[in-house]
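Based on these hints, arrange chain B with the ligands on the given structure of chain A.
One letter stands for each residue in the lines below.
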Amino acid sequence: MDTPVITTTALRKVYRSRDREITALDGVDLTVREGEVYGVVGRSGAGKSTLIRCVNLLERPTSGTVEVAGRDLTALAGRSDRAPAALRAARAGIGMVFQHFNLLSSRTVQDNVELPLEILGVTRRERAARARDLLDLVGLADKARAYPAQLSGGQKQRVGIARALAGRPRVLLSDEATSALDPETTRSVLELLRDLNRQLGLTVLLITHEMDVVKAVCDSAALMKGGRVVESGTVAELLATPGSELADALFPVGGTASGPDRTVVDLTFHGDSATRPVISRLARTYNVDVSILGAAMETYDGRQIGRMRIELPGRFEDNVVPIGYLREQGLQVDIAPEATAEPVTGEPAAVGK
Amino acid sequence: MHPLLTQALGDTLRMVGWSAAVTVAAGLPLGVLLVLTDRGGLLRNLAVNKVLAAVVNLGRSLPFVILMIALMSFTRAVVGTTIGWQAAVVPLSVGAVPFFARLVETSLREVDHGLVEAVQAMGGSTWTVVRKVLLPESLASLVAGATTTVIALIGYSAMAGVVGGGGLGDLALRYGYQRFETGFMWVIVAVLVVLVTLVQLAGDLAARAVARRGRTSAAPRLRLLRTGAAPSSPSAPSTT
Ligand SMILES: Nc1ncnc2c1ncn2[C@@H]1O[C@H](COP(=O)(O)OP(=O)(O)OP(=O)(O)O)[C@@H](O)[C@H]1O
Ligand SMILES: [Mg+2]
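In order, the protein sequences belong to chains A and B.
Oh and the first sequence: position 72 is 90 in our numbering, straight run, nothing missing.
Oh and the second sequence: position 124 is 954 in our numbering, straight run, nothing missing.
Where hints are given, some of them may not hold.
[To be verified] Reference listing, derived: stretches of chain B covered by chain A, where coverage requires no fewer than 3 residues with Cβ under 8 Å from a Cβ of chain A:
id	segment
1	870-879
2	935-945
3	948-958
4	965-978
[Stated by the list, open to error] To list a few chain B residues with every Cβ distance to chain A over 10 Å, as calculated:
id	residue
5	Met902
6	Gly910
7	Gly1006
Note that these hints are calculated values from the structure, not bench results.
Don't be surprised by glycine CBs; every beta carbon is placed ideally from N, CA and C.
So that you can see chain A by itself, here it is in the shape it has in the complex:
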């Protein structure tokens, strides 16, 4: 689980047009470990697509290196614009799914799934058998002879996933694979990805602007801003990071202080601390009036994680003892600043494409 499968080092990508330069990636170091689902979020224009396209070198990085499964792809790519055979072979071991599916309209579902195998030179008989297995796996065995135009969006993306898996890749790249789908379909496609990740040990790097996607399937996540990764780690690590924007966006708790001379405290409960009656004990032991401003409880990876924003009367100095008690209980305690700034992440509402 701990071997890195995708590593980018000091990755930079500068787009040059006639009169200006756009730095789409500004020194990105990313490590995706074997068998994890890694989500990259960020606002529109943050560089997410550029990053994922650099991983299989559809986009040539300006500088920096990309290693996938122990191979330095940037070295394989060489200097020329065209992809040498070594790079093409490496790409065959990396599956990719796209927001707009990118299925060939002139081929049946089955023939679409067989395409990567044709490129690999697999025999007709083996191709057919493998395509049928994969269509079975994604639940579309009955659509093998249909054309993409006859499928719904969710079905198309399942075909896209089956096709991406045809060459038995260790890594799957997904750029907004669910962004064109409705919430219900999104959920089923994400479940499929999660299942594939568990059953096949597939490592998944996915780009999304929906926090719900990260919440639903990701083991780790990174937040990109202006071409840089500003936060990254496993979801548990992120939740344990004071002031983490990602944690805030994943488990948002709202509420503002009801007046001056109040102390607002954000609590994060992990594991068994989530099930103990900490707040009522706090109120009883220290005889303070605790008001709850907002709370969220989630089951994450089978464990309960809760976040709660509470308000204590008096300023911080007056509450040192109760806050100390909360820390002793194994809670993560963040003192909210006077005026909490709105977190900036890639929530669709905030993006405005």
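Just chain B with the ligands now, with coordinates in the frame of chain A:
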């Protein structure tokens, strides 16, 4: 049918058939190269692209009659004669190749770039992209372009009389213009109209059959009424 008419129809079919075959064989690769070597293409090479574009534009801007005369010695070198329907095939092909190449170029440019990327991401080579994506995905549009080209060739072939190529157009010209047998001329014109209509119909049916398999939007509607046979070609794609 009148023996002269039968003879002329045969000449026209032979001229058009052979030049269409040559045009597709040469125009298709040329159109593909125009796309691949252009900015953003898989074989980006602007110098080559400029040269190809210049050649295509030159070929398209020369009037067919001039082309036919200018190419006399080339024709002799290729087919060994400068008269007869065989001699007409050379200038007809030379005139139609750039025309068809531009139509091919336009068709290929309509293919979604995402499909090209998908195949590149699978590890496909440029040749794979051409063979598995560009050509099959634009097939309906290519068939429509070939149909337009064949009809344009039928129109051009009327001028083949200049090199003694014979054919329907030549016959109509001789009877109508030189011998004032307008009745016979109109018969020939009617045959030409039927011929063009049949070609258009066959082309549309083929394009529809191809398109029906995949997305339906690309299928051209039947254009039975549009029988503009003449060299009045559809507007050329601009060259930039
Ligand atoms: N081919 C290109 N040429 C020039 N600039 C580009 C190109 N592709 C991307 N950019 C620029 O690079 C920056 C990052 O773009 P990118 O597509 O990676 O963003 P993103 O995070 O994927 O956004 P979105 O959420 O909208 O998909 C943007 O400023 C964009 O305008
Ligand atoms: Mg993007």
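Hint-by-hint comparison with the structure:
1. With 3 residues having a Cβ less than 8 Å from any Cβ of chain A, the segment 870-879 of chain B passes the three-residue criterion, so the hint holds.
2. Evaluation of the coverage hint for the segment 935-945 of chain B: fulfilled, as 3 residues show C-beta separations to chain A shorter than 8 Å, against a requirement of three.
3. Coverage of the segment 948-958 of chain B by chain A holds [criterion: at least 3 residues with CB-CB distance below 8 Å; count 10].
4. Coverage of the segment 965-978 of chain B by chain A holds. Counting CB-CB distances below 8 Å, 3 residues qualify, and the rule asks for three or more.
5. Non-interface call for Met902 of chain B relative to chain A: holds, since the shortest CB-CB distance, roughly 42 Å, exceeds 10 Å.
6. No beta-carbon of chain A comes within 10 Å of the beta-carbon of Gly910 of chain B; the shortest separation is about 42 Å.
7. For Gly1006 of chain B, the condition that its CB be more than 10 Å from all CB atoms of chain A holds, with the nearest at approximately 46 Å.
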